[in-house]
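Visitor: Take each chain as given, in its own frame, and dock them per the hints.
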Amino acid sequence: MAERKAFSELMKKIEAGEFVYTGELEPHRSIDISDVVSWAKTLKETGRIVAANVTDNPRSDSAISSLVASYLIQKETGLEMIYQLRTADRNRLALISDILGAAALGLKNILALTGDHTKTGTTPSAKPVFDLDGTNLIRLVRSLVDEGKDLWGNEIHGPRPELNVGGAGNPGMEPLEAEVFKLERKAEAGADFFQTQVVFDAEVARRFLRAIEHIGVPTLIGIFPPRTYAQAEFFDKFVPGVSVPREFMEKFAKLKELPKEKRKEKINEFNVDYFVSFIKEIKKEKACAGCHIMAVGYPDVIGPIIEGVEK
Amino acid sequence: MIITKEKPLDEILELLEPFSKVLVVGCDGCVQPPRGLREAETYASLIEMASKARGKQIECSAITVSRQCCEEGLPNWVKPDGFDAMLSMACGIGVQVMNIIFPEIPTFPAQNTVFMGAEEKREGRMYELCRACGDCVLGETGGICPRTRCAKGLMNGPCGGCVGGKCEVTVQIKDWKGEVVEEVQNDCAWYLIFERLRMLGRADLFRKLRDPTDFGIWVPPRRI
Numbered sequence: 001m002a003e004r005k006a007f008s009e010l011m012k013k014i015e016a017g018e019f020v021y022t023g024e025l026e027p028h029r030s031i032d033i034s035d036v037v038s039w040a041k042t043l044k045e046t047g048r049i050v051a052a053n054v055t056d057n058p059r060s061d062s063a064i065s066s067l068v069a070s071y072l073i074q075k076e077t078g079l080e081m082i083y084q085l086r087t088a089d090r091n092r093l094a095l096i097s098d099i100l101g102a103a104a105l106g107l108k109n110i111l112a113l114t115g116d117h118t119k120t121g122t123t124p125s126a127k128p129v130f131d132l133d134g135t136n137l138i139r140l141v142r143s144l145v146d147e148g149k150d151l152w153g154n155e156i157h158g159p160r161p162e163l164n165v166g167g168a169g170n171p172g173m174e175p176l177e178a179e180v181f182k183l184e185r186k187a188e189a190g191a192d193f194f195q196t197q198v199v200f201d202a203e204v205a206r207r208f209l210r211a212i213e214h215i216g217v218p219t220l221i222g223i224f225p226p227r228t229y230a231q232a233e234f235f236d237k238f239v240p241g242v243s244v245p246r247e248f249m250e251k252f253a254k255l256k257e258l259p260k261e262k263r264k265e266k267i268n269e270f271n272v273d274y275f276v277s278f279i280k281e282i283k284k285e286k287a288c289a290g291c292h293i294m295a296v297g298y299p300d301v302i303g304p305i306i307e308g309v310e311k
Numbered sequence: 001m002i003i004t005k006e007k008p009l010d011e012i013l014e015l016l017e018p019f020s021k022v023l024v025v026g027c028d029g030c031v032q033p034p035r036g037l038r039e040a041e042t043y044a045s046l047i048e049m050a051s052k053a054r055g056k057q058i059e060c061s062a063i064t065v066s067r068q069c070c071e072e073g074l075p076n077w078v079k080p081d082g083f084d085a086m087l088s089m090a091c092g093i094g095v096q097v098m099n100i101i102f103p104e105i106p107t108f109p110a111q112n113t114v115f116m117g118a119e120e121k122r123e124g125r126m127y128e129l130c131r132a133c134g135d136c137v138l139g140e141t142g143g144i145c146p147r148t149r150c151a152k153g154l155m156n157g158p159c160g161g162c163v164g165g166k167c168e169v170t171v172q173i174k175d176w177k178g179e180v181v182e183e184v185q186n187d188c189a190w191y192l193i194f195e196r197l198r199m200l201g202r203a204d205l206f207r208k209l210r211d212p213t214d215f216g217i218w219v220p221p222r223r224i
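Top to bottom, those sequences are chains A and B. The letter at position 74 of the first sequence is residue 74 when you use our numbering, and the numbering goes up by one with no holes. The letter at position 19 of the second sequence is residue 19 when you use our numbering, and the numbering goes up by one with no holes.
Treat the hints with care, as some may be off.
Stated by the list, open to error - Derived DSS-like pairs (lysine-lysine); straight-line CA-CA distance at most 25 Å:
| # | chain 1 | residue 1 | chain 2 | residue 2 |
| --- | --- | --- | --- | --- |
| 1 | A | LYS12 | A | LYS251 |
| 2 | A | LYS286 | A | LYS251 |
| 3 | A | LYS237 | A | LYS44 |
| 4 | A | LYS283 | A | LYS254 |
| 5 | A | LYS149 | A | LYS119 |
| 6 | A | LYS119 | B | LYS166 |
| 7 | A | LYS266 | A | LYS311 |
| 8 | B | LYS166 | A | LYS127 |
| 9 | B | LYS7 | A | LYS149 |
| 10 | A | LYS13 | A | LYS237 |
| 11 | A | LYS12 | A | LYS286 |
| 12 | A | LYS251 | A | LYS237 |
| 13 | B | LYS177 | B | LYS208 |
| 14 | B | LYS52 | B | LYS121 |
| 15 | A | LYS284 | A | LYS12 |
| 16 | A | LYS127 | B | LYS7 |
| 17 | A | LYS264 | A | LYS13 |
| 18 | B | LYS208 | A | LYS119 |
| 19 | B | LYS177 | A | LYS119 |
| 20 | B | LYS121 | A | LYS127 |
| 21 | A | LYS41 | A | LYS286 |
| 22 | A | LYS41 | A | LYS311 |
| 23 | A | LYS127 | B | LYS5 |
| 24 | A | LYS44 | A | LYS13 |
| 25 | B | LYS174 | A | LYS119 |
| 26 | A | LYS5 | A | LYS251 |
| 27 | B | LYS5 | B | LYS208 |
| 28 | B | LYS7 | B | LYS166 |
| 29 | A | LYS266 | A | LYS254 |
| 30 | A | LYS119 | B | LYS52 |
| 31 | A | LYS237 | B | LYS166 |
| 32 | B | LYS5 | B | LYS177 |
| 33 | B | LYS121 | B | LYS79 |
Said to hold, decoys possible - Which bits of chain A does chain B cover? Going by a derived footprint, with three or more residues having C-beta under 8 Å, they are:
| # | region |
| --- | --- |
| 34 | 24–35 |
| 35 | 123–132 |
| 36 | 214–227 |
Claimed, not checked - Listed below are several chain A residues computed to face chain B (Cβ distance under 10 Å; list not exhaustive):
| # | residue |
| --- | --- |
| 37 | ASN154 |
| 38 | GLU174 |
| 39 | LYS186 |
In case anyone wonders, no lab produced these hints; they're calculated from the structure. Quantities reported herein were computed from a predicted structural model and do not represent experimental measurements. Virtual Cβ for every residue (Gly too), placed ideally from N, Cα, C.
Extracted from the complex, chain B is given alone in its bound form (with noise of 0.2 Å):
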């Protein structure tokens, strides 16, 4: 899934201050938390308000489309006449998309976009699992990517800083306003790959000398 987080209302309302009538463009597609219909009605109600109270109003509506990311069904699913700027509720690659589809009006984020990953069980917390680096390595790293799980991305871990198969780093978790709510020791990423490989019966692999990562097919924008 596609991690979001919803920027501060403030920041919005800024963006779309120089406007009057504004489609919210939900995302039916890997966006999470979920970002459709339901999360963008709330999300133009929220601006209408916010607008009126701030003594210019923005008159909004809301609908939501399977994947923004979609060339091909966008000018299908989306009508801008009428609106003279759309607030989309999908990751960066949607709003990117609708920029391109619909040239005339601009289209802003609604949502910071975070990372690749996946929820949590037991905490519910969102955590990091991917970053696309085209070199995948799973296969030799009992499928725990050192690239994206330890926080200097390692080939050849557990650094000094693993205590008690913790990371040194501390990740704040902050809440929509940007205040920290939570402060997280994240596992060591070679520590967790020590102990799978070696369940596996494979400490061979975590033995081996790896080559540095080759940062050169890792060099944006990609094209394939």
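Only chain A is shown next, with the shape it has when bound in the complex (with noise of 0.2 Å):
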């Protein structure tokens, strides 16, 4: 396989040893994607998020293309955007058309995913298409950058796109052995760095740092700060593969019980300490590049928390 080359300002930053910081952005079925461009804003402002995800019709919702998202909130913000890219909706020549109009648009990173069936979201009788999987997504990204051309051998004109291309991790998959093997196909496919679905309990993200420490692939663990009760419950019951530690859930369940205006700031303060102190036991890991910071809509405690980590 050829040598990574970094692109994007995230791989030039994993790369230079800093530990990085991502986010994520989630725009809507619409047209109008003014409130994640000032969510991007609010990213930008805190000086360490390094680069965001934009979500491609997440939990197979339909949403507008993440490609045009992904280009104009890049585009007006100045922040770098990790273009999310699934394969559930498309097959493999419209993955070639996104993956070149991607690199023609300046984006330099694709997280290139399976997707959740499109059986699970709005709109269950579409037609599935997963012609690859994320896997040989991974390759086909790689393929188009470091040979220039597709993994069927056909060439592409002019200059090669310039991207880095990053895989998905599951670190509470049982058994976590299927989860490694899974992730060493995807080094060798190519990827340049993982990012991984949501950890509460610092245990099992060490657990699975250290498993996957041989493969050598930069990751950035997955955090999702919760605003609510609501939301750290919705994780605990229905996010497939994460489970919220009971301690987390008890000392939540108290603070939803305070005077409403006590309640925001109180729940700040506890998530602030709760992932400073998680993100400094992960930060030791030698697999361990940075954090995905998933606060979609919680711009409070981006800030605090990765300057916690950092003081």
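Guide: What follows is the structure, encoded as structure tokens:
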């Protein structure tokens, strides 16, 4: 495999040994993305978020094209985007088109995903595509970038796309051994970085990071500071592979009983304390290159969490 | 086996509405549940009663054949003279071969053909096992087909939707009226593949990076 080249700020910082932070943006089923742009500005203002993911039909709920949204947000805010691209909705021709399109628009990162099944979202009658899986999508991006041709030998004209490609991992997967094999495949396919599903339990993150250390792919652990008790409960009960420690839920349950004027402040404090120590723990692990903070619509805690870790 | 499910009676009556003499043809081949003479006779009486109740009597006779997909045998087994339509109890293949062999009168389907599969011993449910992709990988996947038994047909699973060995997709089981009677969470095929290969001491096969499926050889209608 060709040596990995850092095209994006994200990969340059990782290669320079910096512990990186990424954020997450979720454009809606709308042509108005002003709310996401303003959220991206908030992330940029922290001065520490190096890039932000733009979700692609998350949970198989239809939304504005993540390619278009990635381009517009990056242009508007100057924050680097991680364009999420899932195989659930596009065949290999459409994927090649979008990868080349992304590079032509100046995007530098793609997160290659299989995506939730179309049956789970807003349009269950859709034809599920899954022409490639996330792993072969990583391979496709790398082939276009490194060799200037697709996986079927078709050459592209002119300059090669300059893109880094990431894959997703699930620290909560049981058995973990199967997940490790899967990530070994993704590394072989050419993944530059991994970002993970949400983790609440530092022990789960540590066990995962140690299990994948030999793979040598820089990994950003996903966190999601919940703004409300209902959000935490949602992760605990309904998000595949995510469990929230009992202690976390119990403390949060007490906070939700506080009077409204105090509640928000206390929840923010609790999240900052919890995730600062969480990140400090995982930061010690060699495989951990950073943290992917998915606090969508909850800007209050991002800056303080990062400051808490870095001070 | 080819698994079929009966069409709603209303739909069948609508298809047969313009006709007055109908031959109901069973199939003793691989269709499952069985759709032989007994079932053909039951359907024949059902259609006679229901059509009479609706004010337009359809006369029905019933026969069965060894295999409705046998082009060679059909002209000897089925004599459509005197009938103005036929109702096939076979799978979609049988219905089509009947229409090819007997072009002068229409043959209608009494069944929806759902998949190729087997009967689960424990639950007595039918479940899908093969999609006839033309490029069998069972030798490398512990005898479990990822193209059929993974909802996404992934070649490099499991995906993030695998929780506790189960798939993220819920399958609805419906009765003959189309009403949901049960919701089932299928096993994650890649979880099963992992467990089986590990048991067989072939975790190396699980680790293998697999090429994308060649859907080019999967374009219908195929011929060999």
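Visitor: In ascending order, which of the hints set out earlier in this document are inconsistent with the structure?
Guide: Structure breaks hints 1, 2, 3, 4, 5, 9, 10, 13, 14, 17, 18, 20, 21, 26, 27, 28, 30, 33, 34, 36 and 37.
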